[in-house]
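Go by the hints and put chains W, V and X onto chain A.
Chains as they are written, first to last, in the working numbering: chain A, 1 to 340; chain W, 1001 to 1340; chain V, 2001 to 2340; chain X, 3001 to 3340.
In short, the hints are calculated from the structure, not lab data. Just to be clear, a hint being listed does not mean it is correct.
To be verified - Computed footprint of chain A on chain V; a stretch qualifies when at least three of its residues, placed anywhere within it, have a C-beta under 8 Å from a C-beta of chain A:
hint, stretch
1, 2239 to 2253
2, 2259 to 2270
3, 2275 to 2287
What the hints assert, rightly or not - Far from chain V, by Cβ distances over 10 Å, these chain A residues were calculated:
hint, residue
4, LEU16
5, GLU52
6, ARG79
7, LEU87
8, ARG90
9, THR104
10, ARG138
11, SER142
12, LEU301
13, PRO307
14, LEU338
Model, not experiment: these values are computed from the prediction. We treat Cβ as the ideally placed atom computed from N, Cα and C, and that holds for glycine.
Protein chains: 4
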Amino acid sequence: MRAARLRVGLIGLGRLGRLYARDLASRIGETRLVAVCDPLDEVVSEVADEFEVGGRHTRAEDLIKDPGVEAVVIVTPTRTHRDLAVLCARAGKPAFCEKPAALTLADALAMKEAVDRTGAFLQMGFMRRFDSGYAAARARLSAGGIGKAVLFKSSSRDPQPPPLAYADPRSSGGLILDLGIHDFDLARFFMGEVGTVSAIGGALAFPELATVGDIDNAVVTLTFRDGRLGVVDLSRHAVYGYDVFTEILGDAGALRVGALRETPLSWLTKNTVSHDTTPGFLDRFAAAYTAQLADFARNVLLGRPAPVSIDDGIEALRIALAARQSLSTGRPVDVASLAP
Amino acid sequence: MRAARLRVGLIGLGRLGRLYARDLASRIGETRLVAVCDPLDEVVSEVADEFEVGGRHTRAEDLIKDPGVEAVVIVTPTRTHRDLAVLCARAGKPAFCEKPAALTLADALAMKEAVDRTGAFLQMGFMRRFDSGYAAARARLSAGGIGKAVLFKSSSRDPQPPPLAYADPRSSGGLILDLGIHDFDLARFFMGEVGTVSAIGGALAFPELATVGDIDNAVVTLTFRDGRLGVVDLSRHAVYGYDVFTEILGDAGALRVGALRETPLSWLTKNTVSHDTTPGFLDRFAAAYTAQLADFARNVLLGRPAPVSIDDGIEALRIALAARQSLSTGRPVDVASLAP
Amino acid sequence: MRAARLRVGLIGLGRLGRLYARDLASRIGETRLVAVCDPLDEVVSEVADEFEVGGRHTRAEDLIKDPGVEAVVIVTPTRTHRDLAVLCARAGKPAFCEKPAALTLADALAMKEAVDRTGAFLQMGFMRRFDSGYAAARARLSAGGIGKAVLFKSSSRDPQPPPLAYADPRSSGGLILDLGIHDFDLARFFMGEVGTVSAIGGALAFPELATVGDIDNAVVTLTFRDGRLGVVDLSRHAVYGYDVFTEILGDAGALRVGALRETPLSWLTKNTVSHDTTPGFLDRFAAAYTAQLADFARNVLLGRPAPVSIDDGIEALRIALAARQSLSTGRPVDVASLAP
Amino acid sequence: MRAARLRVGLIGLGRLGRLYARDLASRIGETRLVAVCDPLDEVVSEVADEFEVGGRHTRAEDLIKDPGVEAVVIVTPTRTHRDLAVLCARAGKPAFCEKPAALTLADALAMKEAVDRTGAFLQMGFMRRFDSGYAAARARLSAGGIGKAVLFKSSSRDPQPPPLAYADPRSSGGLILDLGIHDFDLARFFMGEVGTVSAIGGALAFPELATVGDIDNAVVTLTFRDGRLGVVDLSRHAVYGYDVFTEILGDAGALRVGALRETPLSWLTKNTVSHDTTPGFLDRFAAAYTAQLADFARNVLLGRPAPVSIDDGIEALRIALAARQSLSTGRPVDVASLAP
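The shape of chain A in the complex, shown without the other chains (with noise of 0.2 Å):
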């Protein structure tokens, strides 16, 4: 007879958090997905329907009372991430919280604060190390398959820049925070702490962007604390397709994790032969996410920490914020300069 599942309460129905949706109530064998929460009502309608969910709630603090709710998975806009964290620690609901932790440092740390002080389980979404190709290659790092790391390098693009609401930094942090953040949580990942960020960027292909305070494409080096080197390039118009690209450069090897294709289809016409590639970031990383909530669930059923903890989510913020500021100073910034 299999261990009692973990019943969640997920919030959020956007589409990742359909995507969630599925994954806790089909797909992890450790979840039943047992409450779903989103402002509109005929959302949270259809989706407790398609998994047949029986709580079901238009206000998050609803949900998170809910007794029946043991766990709670937090797929909301990121400026409300601070206060649905600290209802679920002081519920002392387990709380499972997607990237970025927060807009802003002082909310990041709002949250640690009512981790720490309740003791409260909560764990940060950054799918990519639950990815397979990351996660083999940090494997065969610890090995020592590459001897020491160098050089870290990544590449995130997207195939078409997000609406303007979104793109506004004030909802999702800008092309920086909202998709460097992947980048830089790689870069801690895989080499340790970040000591200066220096960025150059512009608004080059969407000029529009512009008009709400962003930008489509990025580069960002990094001089980690031990002096080693790290460089991330960000953009919003990779029309080929989704990709996701890093390297890791050491002195006895590199590792390289990068997939730009879709079907294991080629055609071969006139002097070309060509492949398609990734969609977007739910095809690219769909087992990603569910291995990583059903690794939440583990460690909430099991009693172990969080492998991604807030901390995480903190360092990770404040690397895309020094790089903010360096975009807009035009010079190197001190990662730890970004009190508290």
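For chains W, V and X alone, kept in the frame of chain A given last:
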């Protein structure tokens, strides 16, 4: 509100059967797994517990008669397919039957006879047709992307041989039938009917296979009825990984379907770049298996005819049997000569 | 001070002959091109002028007798190989002869007889053996890198058919002999002697080839004398590019040699990644042709035996002729049955 | 009858100089190598013997004055470029000068001054522009294949560091100038003029490089004058092989130039597929070096202007010097601020 799900009973809980159990229970929106059957009590309990299935049977007849079961999925040893399919037809239960249809033409034709007489729904399992790569290849072929298809070339290789008991042609049909039938089905899927076949082969890496009448390598050439050409090679010792590769060469281009890596990681060491491979058929075709069962459910729910019929099962079997005959006689064999 | 260069005379100034002229005149340190011969006066003048060659002939006998010529390279139509090789042997001039040795076994055996009688040096041209990829593959095979080689698989495809006059089997030997002989030589190079062959084929894309008795596609299976397996497919309509691919599957791994791109450029457009292909055999094997002639010169200068002998030429031809016979009879053919 | 060949004198017989000797002597139809020069007598003799060169010099002035020499190829240590180029200009001898133009802007500008004053022909060596991949990339860019180029990204990695004596920035210019100048030239080739640069770097794998003031890794970001972006990473420890990769990301696609294999062989072993890599820059760019010298000869023979001018040499140098300055100051540097 979504349509009611198809209540499915599953017969056979081996390795593939368990994958099907998970698919039917949780990954396919159109199905509910309501009964499972296996000769082994403890296997029935284990799977039924894991997926919370009420109907538990050790006799297939009982599952088929179970009034709660609307449709049946058969994934048992090949020699039992005939009786189970006939029982389903008589019981008026739509059925899905894993490949190959049978080990003999007589058995397969008995299945057809039952289907024809009762008007029952019977869908044959050839999961490659539901793989994104093969589906995309066929779409490009139909759209004229490579002009007229002239040569069909396909290779299927397992990383290791099956146990001797399974390899025995009386159990699995042997290499040519067990593994090759996928390629023979693809030959028909992409090109049409086969006229003659010619085979060579041997137990070259695992001589012990010869003790049960099986081989570990074969090359089978196909001449389609209209004169076009095909070739299939089969092996049981691709130690580098599970390897399925298919090419269609046309007079204006070519299509290639082949995926020989599992994760998106590459590792670069002294003078060498390397990547991993697909471990086995369940890794390579997991999504195709799921898509195939979902398609079966939709066909039943919507009253659509089976896209892969018992006729497809019979014709692929006929090619395989002709190839085995060619292997033993050393001469080309007219596929149509295999009566009836 | 370097050793004296070998003074070479070149007979045949077609497309490949002109490549050889450049190699012998300027790219190979061990040779000096001292005479050229072609039936066409103006071609002789053009090439001789370009490479500053003194000896200018329109009759091959004259070049062979030319006392300034130490060694002869024969790259004329196949039907003339016999007489030219015999003349060289009688004149005591070491010779290199482009593949295939001849169109008939009788002619090839006459060449062998002349060589055996006179003790002359005769090296046959199979440039693939001198390609870096094939050479590296053989080294890995010999070093045990894939265990025991079990299956040989090779494919040669031209981007377009030859002119009808060349396609005529009486001129070039037709698809199986003209193109396939390279793969049959590789079969022997990697695996050893072939026992039986079986072929299918047709003029499927270019029906006009049938008017001269040629085909545009063939699949030939090989059973080596020790029971191991092989398969070769040949085509004249790889419109996507010149495509030669060879695989050796062993019981502990596999080797693959294939290069299907010309420049290191990829272009990424809407949902697609593409690269170019190799235009033709002169592009794919230019370095191998040069290496082969350099090897010939070194062998002559150092008194070493020919690494690719008339026996190699005869045996590859025997396989090709057996395959043609199988194609016309529809039955497997014992290669040794082709007397003498 | 072909046109007369350009009679070329070659100064500098190091590793690259010897490659040039072979090219000029035998691989390029438009040239004849008539004189060579090196400080070492025995090197001069060796090369002159090998390629049958009459003019043998140990003083560059003598070669330049040699009336049999029509044009001069300079492939000496960088610090000597200025004087040699000026001598050629004064002597009215067209010259080709290997990159970088000089170690200081003052020297490079002195070369320009001499050229401007005398009207002499001076072509700078940036062989990547003559590589088939880069040339094809530029053609596609010009044809609008990726829309507007937005991001330039380039990476150059040597398999091992140079000897300390060479690494010394006073000798080679150090990593950023010696290796990076190729990428800076490509940046201008594909995108146009650079406004500001910012660099990070360190001696991370080979700390001994720090003793001569050099580094083994650097990341340099570029902001083009029109606001577009670029990034270059450089390394001296790509133990896996010589690795040059360049990408141009446009708003309608991307171009990638990178070749990381030497032979067309793949080997497949337990769970792994591997291939080899390019050993060094002479392997990767041999054809480009030849094409570049042939282009030089044609330009001189036909009276065409140099397609890569001293201005190109100066501007690439300016970027490299600005990057070095940024590395030492830790601040972005305005490239134009480097006077004059």
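The hints, checked one at a time:
For the stretch 2239 to 2253 of chain V, the proposed coverage by chain A is satisfied: 3 residues have a C-beta within less than 8 Å of a C-beta in that chain, meeting the threshold of three. A count of 5 residues in the stretch 2259 to 2270 of chain V with a Cβ less than 8 Å from any Cβ of chain A is obtained; the coverage claim is therefore met, three being the minimum. Counting residues of the stretch 2275 to 2287 of chain V whose CB lies closer than 8 Å to any CB of chain A gives 4, which reaches the minimum of 3, so the coverage claim holds. Its beta-carbon lying about 22 Å from the closest one in chain V, LEU16 of chain A satisfies the requirement of being farther than 10 Å from that chain.
Under the 10 Å C-beta cut-off, the non-interface status given to GLU52 of chain A relative to chain V holds; the minimum distance is some 36 Å. Every CB of chain V is more than 10 Å from the CB of ARG79 of chain A (nearest about 34 Å), matching its label as outside the interface. Non-interface status of LEU87 of chain A relative to chain V is upheld: no Cβ of that chain comes within 10 Å, the nearest being about 42 Å off. Distance check for ARG90 of chain A against chain V: the nearest CB is about 47 Å away, which clears 10 Å, and the non-interface claim stands.
For THR104 of chain A, the condition that its CB be more than 10 Å from all CB atoms of chain V holds, with the nearest at approximately 37 Å. For ARG138 of chain A, the requirement that its beta carbon stay farther than 10 Å from each beta carbon of chain V is met, with the minimum near 27 Å. Residue-level check passed: SER142 of chain A sits 27 Å from the nearest beta carbon of chain V, beyond 10 Å. Residue-level check passed: LEU301 of chain A sits 41 Å from the nearest beta carbon of chain V, beyond 10 Å.
At roughly 34 Å, the least C-beta separation between PRO307 of chain A and chain V is larger than 10 Å, which holds for a residue marked as non-interface. Against chain V, the non-interface label of LEU338 of chain A holds: every CB pair exceeds 10 Å, the least being about 36 Å.
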